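2 protein chains.
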Amino acid sequence: MSSKWVYLFGEVNEAEKAAGSWEGARALLGGKGANLGEMTRLEVSVPPGFTVTTEACNAYLGADNTFPDGLWEQELEALRAVESETGKSFGDSKNPLLVSCRSGAKFSMPGMMDTVLNIGLNDETAGGMIALTGDERFVYDAYRRLVQMFGVVVMDLPDGPFEDVIEVQREKSGAARDADLNAEDWKTITLEFKKIYKSHTGNDFPTDPLDQLRLATEAVFKSWNGKRAIDYRNAAGIEHSLGTGASIQTMVFGNMGNDSATGVATSRNISTGENEIEGDYLLNAQGEDVVAGIRDTKPIAELKADLPKEYAEFAGILRRLEKHYREVQDVEFTIERGKLWLLQTRDSKRTAQAAVRIAADLVDEKLIDKKEAVLRISPDQVDFFLHPQFDVIAKKAAINNGRRIAIGLNVSPGAAVGQVALDADLAEKWSKEEDRKVIMVRPETKPDDVHGMLAAEGILTSKGGRTSHAALVARQFGKPAVVGCSELIIDMENRTISVDGRVINEGDWISIDGTEGEVFVDKLDTVIPDFSDPYLLRILGWADEFRKLGVWANADYPQDAQRARDYGAEGIGLCRTEHMFFEAERLPYVQKMILSQTEEEERSALDKLLPFQRSDFEGIFRAMDGLPVIIRLIDPPLHEFLPSHDSLLVEVTELRIRGDDADKLAKAEKMLAAVEGMRETNPMLGLRGVRLGIHMPGVTKMQVRAILEAASIVAKDGVDVHPEIMIPLTSHVNELKVQQATLEAVAKEVMAEQDMEIDYKFGTMIEIPRAALTASEIAEYAEFFSFGTNDLTQTTFGISRDDAEASFLVEYIEQGILPENPFETIDPDGVGRLMQMATNEGRKTRPGMEVGICGEHGGDPKSIKLCHEYGLNYVSCSPFRVPVARLAAAHAALESEA
Amino acid sequence: MSSKWVYLFGEVNEAEKAAGSWEGARALLGGKGANLGEMTRLEVSVPPGFTVTTEACNAYLGADNTFPDGLWEQELEALRAVESETGKSFGDSKNPLLVSCRSGAKFSMPGMMDTVLNIGLNDETAGGMIALTGDERFVYDAYRRLVQMFGVVVMDLPDGPFEDVIEVQREKSGAARDADLNAEDWKTITLEFKKIYKSHTGNDFPTDPLDQLRLATEAVFKSWNGKRAIDYRNAAGIEHSLGTGASIQTMVFGNMGNDSATGVATSRNISTGENEIEGDYLLNAQGEDVVAGIRDTKPIAELKADLPKEYAEFAGILRRLEKHYREVQDVEFTIERGKLWLLQTRDSKRTAQAAVRIAADLVDEKLIDKKEAVLRISPDQVDFFLHPQFDVIAKKAAINNGRRIAIGLNVSPGAAVGQVALDADLAEKWSKEEDRKVIMVRPETKPDDVHGMLAAEGILTSKGGRTSHAALVARQFGKPAVVGCSELIIDMENRTISVDGRVINEGDWISIDGTEGEVFVDKLDTVIPDFSDPYLLRILGWADEFRKLGVWANADYPQDAQRARDYGAEGIGLCRTEHMFFEAERLPYVQKMILSQTEEEERSALDKLLPFQRSDFEGIFRAMDGLPVIIRLIDPPLHEFLPSHDSLLVEVTELRIRGDDADKLAKAEKMLAAVEGMRETNPMLGLRGVRLGIHMPGVTKMQVRAILEAASIVAKDGVDVHPEIMIPLTSHVNELKVQQATLEAVAKEVMAEQDMEIDYKFGTMIEIPRAALTASEIAEYAEFFSFGTNDLTQTTFGISRDDAEASFLVEYIEQGILPENPFETIDPDGVGRLMQMATNEGRKTRPGMEVGICGEHGGDPKSIKLCHEYGLNYVSCSPFRVPVARLAAAHAALESEA
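First to last, the protein sequences are chains A and B.
Here the first sequence is numbered in my numbering, starting from 7 and rising by one per residue.
Here the second sequence is numbered in my numbering, starting from 7 and rising by one per residue.
The hints are simulated quantities; they were obtained by calculation from the structure and are not laboratory data.
There's no promise every hint is true.
For chains that are exact copies, the list does not tell them apart, and a pair is met inside one copy or across any two.
[What the hints assert, rightly or not] In silico lysine-lysine, DSBU-like type, Cα no more than 35 Å apart, as pairs:
no.	residue 1	residue 2
1	469	355
2	452	614
3	707	743
4	100	10
5	754	178
6	435	204
7	315	201
8	438	673
9	329	707
10	233	707
11	452	204
12	355	767
13	670	438
14	707	304
15	529	767
16	452	673
17	233	743
18	435	670
19	200	767
20	345	376
21	452	707
22	850	670
23	529	329
For clarity, every value in this text was computed on a predicted model and none was experimentally measured.
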């Protein structure tokens, strides 16, 4: 173990050398200490200071809370260096040096460990500070803070008595807020705090600054083994042996006159991404004033006029930091008597729009390459461009007006505006019967609440976490949601919500932002971001260069196909033909077909359906000129096209008892009998998909005819058409063999009639485990595979999605039995293993076979990564997910390169 | 190609040498020729003759139907050898040699190719035969047969005109049957036949016996390429290049005086297996007389008195044949003037009882070893001992009395007696409402008929084959069935069945034997064969020596467990606990538990159920003292324990309209709401199995407590108890992890309370594809696996058994899309592959882990073979299948040795 326990910020090179690497230096100094060192190394002016190492912490804790040999001496030596650098002296009543003492471990543990500010204040130095700043109120506020923090953090006193004193003083002075307390008030409070300190500890508050420093250092060390910190490390998987560093840094003050200032800024505009410094500052003020909103801040551009030299230095530093970190920086700064100090820099948060523009600009500025630009954009940020969001200006205004009343967990993205409904039945009633927009607000949700959640625009709860029922169900159904918003007090008796004493009645309008987790009162304006954003198109264009997976879309109608193509789809991976059957003018013929007693009747009904199907296909083929279109033959069980069994049963029972309409009864009984004849215990596993195609070959023939007639018609108009006919629910190769024979006969017939050769393919969904397990046989007939991961997940898990997602599946995810909802993200060990097997074994039979996915997972970034790993040719997803999938596919390719 | 085209029967050694092996000789001579040669080689007196080789046939067909060089000369030479051996001459009017000419290929193609008998007859030789036999009627009957067969077989004439002649003659003579026609009639018919021959062929019937022989040989060759024969070979997968042999054999006659006789016999009693010759014969008669039943035959024992020397020779030959073939023989013989001729020998058919005794006896006689004895018994034969069958005596009497009216396909074994019902609704009504036993008789069955089939004792159809709907459904539900009984004429208008003019009215009693495919009028007595048959027990004992698989049983009640143990079960592989819940006194508590609103209510209901469960388990543990008992925790969805949704919906609708009983309505509405709350779209994939155990941990705890309390109680009585607790429907290892924790806590608690250590195991069903795919993880928690192949088949195929077996699955098997019903026999490529993976990967994690099967497949011999191949430890099946499984497991082991 090194016997060097303390490094000045300027000694970061030595720390790095001692630790063998920058990673090692981070471990030795902690993240905060290392970063302060790094800024110092970049010659950015950082208030001088030093860091006590994590090794010192471990030595201290390992020796029953005793400083290791030499530590205190090194700390004193470092302090002397700081004094000489700042020209101030620790404990000097004329020009006192004040310092902060902060913890900082290798990995960030926000809020978990301790900080003490203003170390070095006592009655004498306080007087010196008043003389220097002319701001007695500020000095006593700082002083009382030191006493309070010292009591609570260092001496482990309860916070309550301190807060009580402040409250009593507010009442005495008639002050509504702390900001209204004056210098005298804070002075009184400081005195009272010292009394509390003495009564609780038995000792006077330490007036010797060195005692303060020593005790603060020890408190930081001890906080490493505090319960909160241990719990955090257990949860985050951080090793307990790392220890924390303690950084002791000179306090600087922006309220030392008009040559002083304080502010925050980002190196670019983080709403729009424009390349201009953005931020706020105040002359002759302290940092808190900027944040607290007590005084009106000035935009950073005005600092140029106020303090031109300092501004120029500041702008230069920002550029340098950006260049060094190759990323937009978010900084805090203070100017103390004309001297600029950077207190902190970190990578800046930004809106999705800004992220996209900044990434593109950084490529132009040669700070990052195109790969990195693509990797810096998250799929969610692309998704942002495709859904309504709150208008940025409106939202900013609402925040400034205090209309943002709470922040919870952002569990399901998107913006929602509606009237508060406090239970599911009411939410449903208002939505369905009164056509009102509703936000359902509950302490937490249960399976019984799902109907209300479905009817609502968005969901807000006061309890629950990221895997709570509300979160899971909201994500599943794409409803914006904010959960775990613990500031909300929901009063079911009075039908109100209150936050900080502000009361919202049931029926009042609120707005929630599921992307950010924010809750607003009143309606906020929403906008749909611009998908044609040139920066986004550049990023997606680069993504296209890197990705190996094709991105296709699921589309049943020509307009969907067109949209998909606009968004970059390279084919249609799934065109569901049955959706066409449900349309009002077609359903009667579908029902006639199903209920037909003779082949004649069936054929006549199918003849009516043929032109409808053909014209749908024509539209899709035209939209996808030159690209493949996979059309799936009819899939759902036939009873889905008939009236519901339960309503028929009720109707028949009623008519029987009333006994007044024999004709109607007979008709209803006949329909009931037909529906009962088709009723299945487990329709998901029943007569559907290819089973239906084999059972009713007339339907297959009609559909194949419609596809090839449509293809011939558009081909004659010069459209380059590539239909791929897909059989659903195959489980045995012989099903495919039988269907292929039927299909080829019709295809030949149509092509002869039309005198056209159509380049069509014949393939199958792989959505049943047995199909995956026998892929090598199935590939003898199928020219392509498309994974139907919705059904494949249902059968591989033996879980009915309809039943489970509103019941035990939610329990499972809440309890951590399932790490993720397998209907959102492919389960790699079960479903994924089958996909991998089927892909490999299918291609063994048919080398280079086209394999894709058309289940909903095709639009999920984690699943797209798996599809890339399995070597699929493409993913197919909803048109709105196409841009997201393009980016996610690029990420998958780039990450697997690394 | 050899230039030797003809082999005398006595030249079989040369043929074998020329062909290089006995297999080669069979290919060269055809099966019939080779067998006649083999009998000759055994010095059994076979009527002399020779075989024209298959090579000759191929040469003939290959040369545009021209005899190859030397063939005819060799045939003539062989004929001369036969003449010299028999002392008869071909064409000699005094002592004429008559021969038959029969086809015979390497593989048996029964009824597919041609035979011509009595070659050598013409007007002169007929006169000679009359002089020799003194039986003019017989000779003219033989003569007209030659003309008819020659016309139809050799010259390809239609059979109609010949049959018309016989009918005209019957009318003329007032003869009811052919048997009533006299010598003069047959003489007239012979003349008429020759006229037909001439008018159709333009030539006279050939009177030269050598012409007859030559043409007959050619006819046999040509028949190889007849449509029937080609179709048969295509269906049976026999190569078309093999060709057929032609065997020319001396005709012998048992009607040449009282030193002549003819008969059939088996070398042992094939009903009982006793070691005594059994058969029938007639003195001075021809073979047909024995079969036709015109004259009363004598039991073979009397031949000893009638013809003692010949009998002794006959008995000696039978012993010799048995020894040679190491199998009971079924022979035809003729004694012509004191000379015994064997016409045919083949392995004898026998009853199951006889098969078992014969196999055991042959071991004692050292003709076969124990392995072969075990292999000679089929699983069906063991099954025979466990189900009612027709009494052998009663059945023989019925056959002799002409009460066996038809024979169809034996598609589902067992005996059934009932009243004819001609439609499904009537079958159900009679059975359910009037408690009558019913045989449902239909031309064929359809899915609509299933309710009637279920209500019936047995099923009989006039159409359909082994994979018809009726056959599949009957087998599935274990109903005896005979299908494709084309003699039956079903008259739905008059509600009758008729066979050969005999009319059976609806409601009349009939009996069907699904094991043999027989249909009887009236009731036949049934018996349950004796499972304690000592021969069977010996065979099963030997089977136990050879098998590697354990045989366990599925049993829910103590009496079932006891029966299973009596039948040889070595453990209980599946004890379903929920069956116990359905019993009348328990169901109310189960419903209370399900509908409980508070934990208190739930616990109180569970407390009531605990003693019931405990006492069930006690009984099973006592019955299985020393053996493992696997108990599966509750599996079915809860709504199965509640009233049906539809009946509640009807009740509520009725009560609402009537409006006269508000209390009852409220109660019914409450129950309906509860049932609707639990209703699932696909209950098979819903809240059941381990999902229920996790959702309602109270049930798991109660069940585990009941198991361990029961185990402790019986252990205190000295019972050696080995409970294995099994979790159903696992799909993710975490489910098991959670359940194991719950279970271990309860187990520790109970064992502490009882102060006992119970040797229990914790394991899981593997019945979901994902469980099989992640077996290596699951084996970290599970100490044993048991394949639930019913559910595993449902999920692997994505087929709901309830829905499919009465609908498309039957279509699939009928159409050959599925080679077998996967719910009867494990699908090796899908389900079997998962089983193999899970076994291997599970044991990689937990070496030597116990793996078994408890789905219905555990009692299916083909599936047992697969389980043996996969390396399972045991199969578990219904107690009644245990003996079958013991044998099948031995077969699997012995076959895999080979």
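Consistency of the hints with the structure:
1. 469 to 355: Result: close within a single copy only, 27 Å intra versus 78 Å inter.
2. 452 to 614: between (46 Å within a copy, 30 Å between copies)
3. 707 to 743: So residue 707 and residue 743 pass the 35 Å test inside one copy only (15 Å; across, 51 Å).
4. 100 to 10: Within one copy only: 33 Å inside a chain, 135 Å across chains, cut-off 35 Å.
5. 754 to 178: Neither. Shortest intra-copy (97 Å) and inter-copy (62 Å) distances fail the 35 Å Cα cut-off.
6. 435 to 204: Result: close neither inside a copy nor across copies, 62 Å intra and 96 Å inter.
7. 315 to 201: Close neither inside one copy (46 Å) nor across copies (136 Å); limit 35 Å.
8. 438 to 673: both (31 Å within a copy, 29 Å between copies)
9. 329 to 707: Cα proximity of residue 329 and residue 707: none, with 65 Å in one copy and 63 Å across.
10. 233 to 707: Between. Shortest inter-copy distance 34 Å satisfies the 35 Å Cα cut-off; intra-copy 70 Å does not.
11. 452 to 204: neither (51 Å within a copy, 95 Å between copies)
12. 355 to 767: neither (48 Å within a copy, 54 Å between copies)
13. 670 to 438: Cα proximity of residue 670 and residue 438: in one copy and across copies (30 Å, 31 Å).
14. 707 to 304: neither (73 Å within a copy, 66 Å between copies)
15. 529 to 767: Close neither inside one copy (52 Å) nor across copies (61 Å); limit 35 Å.
16. 452 to 673: between (41 Å within a copy, 25 Å between copies)
17. 233 to 743: between (65 Å within a copy, 27 Å between copies)
18. 435 to 670: both (31 Å within a copy, 28 Å between copies)
19. 200 to 767: neither (85 Å within a copy, 65 Å between copies)
20. 345 to 376: neither (39 Å within a copy, 105 Å between copies)
21. 452 to 707: between (46 Å within a copy, 25 Å between copies)
22. 850 to 670: neither (60 Å within a copy, 66 Å between copies)
23. 529 to 329: Intra 41 Å, inter 101 Å, cutoff 35 Å: neither.
Hint check: violations occur at hints 5, 6, 7, 9, 11, 12, 14, 15, 19, 20, 22 and 23; the rest are consistent with the structure.
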